[in-house]
Structure formats: C-alpha cells, structure tokens
Amino acid sequence: MTMTTAEHSDHASQDEHADHGLSIAGYVKVAAILAALTGLEVATYFVDFGPFFMPVLLTLMCVKFFIVVSYFMHLKFDNKIFSFMFYAGLFLAIGVYAAALATFKFFSA
Amino acid sequence: MADTAIHHAEHGHHSSTGLSNNKLGMWLFLGSECLLFGGLISTYMIYRGRVGEGPRPGNVYDIPFTSVSSFVLLMSSLTMVLAVAAAQKRDDRGTTLWLTVTGLLGATFVGGQVYEFTAMYNEGLGYTTSLFGSAFYTLTGFHGVHVTVGVIMLLSLVGIIKRSNVPGDKAEVVELVGLYWHFVDVVWIIIFTLVYLIPA
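Order-wise, the sequence lines are chains A and B. First residue of the first sequence: 0, per numbering that gives the first Met the number 0; consecutive thereafter. First residue of the second sequence: 0, per numbering that gives the first Met the number 0; consecutive thereafter.
Hints are supplied without guarantee of correctness; some may be wrong.
Stated by the list, open to error - Listed next, with one range per pair, are the computed distances between beta-carbon atoms:
id: 1; chain 1: A; residue 1: S69; chain 2: B; residue 2: A199; range: 30 to 36 angstroms
id: 2; chain 1: B; residue 1: V113; chain 2: A; residue 2: A35; range: 27 to 33 angstroms
id: 3; chain 1: B; residue 1: V113; chain 2: A; residue 2: F103; range: 27 to 33 angstroms
id: 4; chain 1: A; residue 1: T102; chain 2: B; residue 2: R89; range: 49 to 55 angstroms
id: 5; chain 1: A; residue 1: K28; chain 2: B; residue 2: V67; range: 37 to 43 angstroms
These are computed hints drawn from the structure, not numbers from a lab. Note that the Cβ used here is the ideal one computed from N, Cα and C, for glycine as well.
So that you can see chain A by itself, here it is in the shape it has in the complex:
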C-alpha cells in the first residue's frame, strides 16, 4: 500500500508533533493548570484544611513537579534514557536524604 504525498506529509507532521511535545495551546493549558494548582497550594495558607493540609500540599507539590518535568522538560516525549538519568538522580537523592532525616529522628519527632 502506498501513501500519497499529502498523507505522508500529514503522518510525518503528526509524528514530529508527538516527538516535539505539545502545541503552543497545549503548553498554555499546562501553564494554566500549574497556576491553578499553585493557587490551591496558597489557599492552604489562608483556609484551614484540617487533617488534609499536609496530604494536599505534598500531593500538589508532587503533581506540579511531574507536570513540569514531563511536559515542559519534554521527558514524556523524549527517549527513556533521559528519564532514567534524571529519575536515578532524583530517587537516589530522596533515598539518601530520607535516610539522613531518619538518622536525625525527623520522622518520629
């Protein structure tokens, strides 16, 4: 089966689009989501979230982190080796410093 020049061009541009990440509108939407999440984080300072305060804050922090890394830094669309490089460093840091904090009895204080 052969593709026409137009079909091949559309197919290639869709793939290229996937390799390069989101469209401009997509990035603006991601930024709007991040701004909304930041607003929610700041709201925890003014509104009493009770027992949900820490879980909400930490969850929002992690969600924002992964949105920026995945979409703005293109990690979601790039080769998995880059993801390995970054997450290896990140989880090594988390592991080492969680152990350090545990040594200082931070989690039981």
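Mind docking chain B on chain A? Use the hints.
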C-alpha cells in the same frame, strides 16, 4: 551508510546510544543537582525549628509576596517553552523575544528574593542569627544563584543568537538552556511548599 557515520562523527551529534551527547550531559547534570538541592533541603528541614533567640519562620515569611514570586517563576517556564518552540520552528525573532521575556521574569524573581532577604534581615534574621537562619539563607540563596546564572545564560543566548554565533544546532542549544531553567523552577516548587507553606 559510511557517509552518514562520517557526518555524525564530524558534527558530534550522537553518542553510541544514538542520542545527543549534550542533552545526555545536561540530564546527568540535572540528576546531580537533585543531590545538591536534596542535601540543602534536608538540612533546612532538620534545622528549621532551631531558632534560638532569633525570629521564627512564621514571623518572617511573607506568604502572599512569595506566592507572587512563585507565580512569576512559573510563568517564566511557560515563556521558556515558547522560546524552545520558536527555536524549533527556526523563528529567531520569536526565540529571542521569548528568551528575553523569560530572562526578565527570572530577574524579577531574583529581585523579589533580594527584597525578601533584606526585609528578613531588618526583622532580625541574619545568616548567623540561628541554625534556621543559616539553613534558610543557604538553601534559598543557592537557588537564587542558580536563577541568576540562568538569567545570565538566557540573556547571553539572546546576544549570541542575534550575532548568529550559536555553535551547533540552535534549537538544541535553546532546549538545553530551557532544561536548566525548568529545573530551577521545579526546585522552587519544592522549596515553596516545604519551606514556606508547611509550618515548622
């Protein structure tokens, strides 16, 4: 096939993995930066309650002001992505415009940090006032220096692009600077939550 291999070798675009050496190096660097900031953040978490005779975190933090700073840095990530997109479309004018805007937003953030540090010092929190003070200024100071270096990189890149002096693939160079900038933003996301929003 031999011609392709020679072409890649001459331009140094790929390693044996088939990926850009430059990009691989940048991601490795960012992975190591996680260890740097992990150490600084952990130290702050341990010492944040050690205020001695000095002011407590709740007495010196201005959450509304820092929230605006955070928003400015977040928006700079959007403008950085727009710069990368423009570079990929070979739009030099768009690239330099968005790089300049990103640099200005970053400079605004740094200005906000300088104001904040000055205000905190005037309220009695110096670098050696307490362990909390030392840990706070070291952590946020290191981050501020990273942002400043990023601003210098961004504005330098604008000048280099205008003089058409970009070494190698322009889009890749802009992307690499973008990766550094987004990382700086990501670190602030963590700092803002753990340092400012979670009370000691």
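Now for the hints, and whether the structure bears them out:
| no. | hint | result |
| --- | --- | --- |
| 1 | S69/A to A199/B: 30 to 36 angstroms | holds (31 angstroms) |
| 2 | V113/B to A35/A: 27 to 33 angstroms | holds (28 angstroms) |
| 3 | V113/B to F103/A: 27 to 33 angstroms | holds (31 angstroms) |
| 4 | T102/A to R89/B: 49 to 55 angstroms | holds (53 angstroms) |
| 5 | K28/A to V67/B: 37 to 43 angstroms | violated (22 angstroms) |
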